[in-house]
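Trainee: We have chain R already, so just place chain U on it with the hints.
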Amino acid sequence: RKEVEQDPGPFNVPEGATVAFNCTYSNSASQSFFWYRQDCRKEPKLLMSVYSSGNEDGRFTAQLNRASQYISLLIRDSKLSDSATYLCVVIRSNYQLIWGAGTKLIIKP
Amino acid sequence: NAGVTQTPKFRVLKTGQSMTLLCAQDMNHEYMYWYRQDPGMGLRLIHYSVGEGTTAKGKVPDGYNVSRLKKQNFLLGLESAAPSQTSVYFCASSYLAGGADTQYFGPGTRLTVL
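Chains as they are written, first to last, in this note's numbering: chain R, 138 to 246; chain U, 6 to 119.
Just chain R, with the same shape it has in the complex:
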């Protein structure tokens, strides 16, 4: 079993819809969590950190569920420009960064 797992998708979603996907991790000692966005053939860019209390940034909401060992990303009112691959990264300790393989999202007009 992979240490960090994501549904590869693709998630095909109509513009304006709400979409959510999860990232599960196996090591309960994991300390920090982030979502990155990666456009096709481009570098990853930080989307948002994931805090224990959950956090929101505009249309994006990230949540952490330590009991079930997953983080989630919710996108409301999806835009065509949200089409990308979303990567989660779990940090166990300094320099133990474990990346998920990503979830591909396609927003359709």
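Be careful, since some hints might not be right.
[To be verified] Counterexamples of contact, computed for chain R against chain U with all Cβ distances above 10 angstroms: (1) Arg196; (2) Ser220; (3) Gly237.
[What the hints assert, rightly or not] Mimicking BS3-like on lysine-lysine, the simulated pairs with C-alpha atoms at most 30 angstroms apart in a straight line are: (4) Lys139(R) - Lys75(U); (5) Lys182(R) - Lys75(U); (6) Lys75(U) - Lys241(R).
To be clear, the hints were calculated from the coordinates, so they are not data collected in a lab. Source: prediction; values computed, not measured. Beta carbons: idealized from backbone N, C-alpha and C, even for Gly.
Mentor: Frame of chain R, contents of chain U only:
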């Protein structure tokens, strides 16, 4: 501000050839990283550096060497390339240690080893 730059952007090597990938950052970050990204797999950390003159192994260091002679540069070397090293290589840098804050990535180097 250029951020993080990588050269070259593309490269094709034959098995056994050597090459060096250059990463440069202008954000005065102490921490720099080299990753490889393969289809269906997450980014995997090859080597990292916590400051000028220091390097350390990541999760998949075999077949690679690195050097950080200047704070702004982090070099990744392949001494004898193998087809298994065909991948996209990303360099990243961060202000805080251990990836605990934003990592800024370069545009990547697409390497094919024949």
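Trainee: Next step is simple, just say for each hint if it's right about the structure.
Mentor: Hint-by-hint comparison with the structure:
1. Arg196: 20 angstroms, holds
2. Ser220: 19 angstroms, holds
3. Gly237: 5 angstroms, violated
4. Lys139(R) - Lys75(U): 36 angstroms, violated
5. Lys182(R) - Lys75(U): 25 angstroms, holds
6. Lys75(U) - Lys241(R): 37 angstroms, violated
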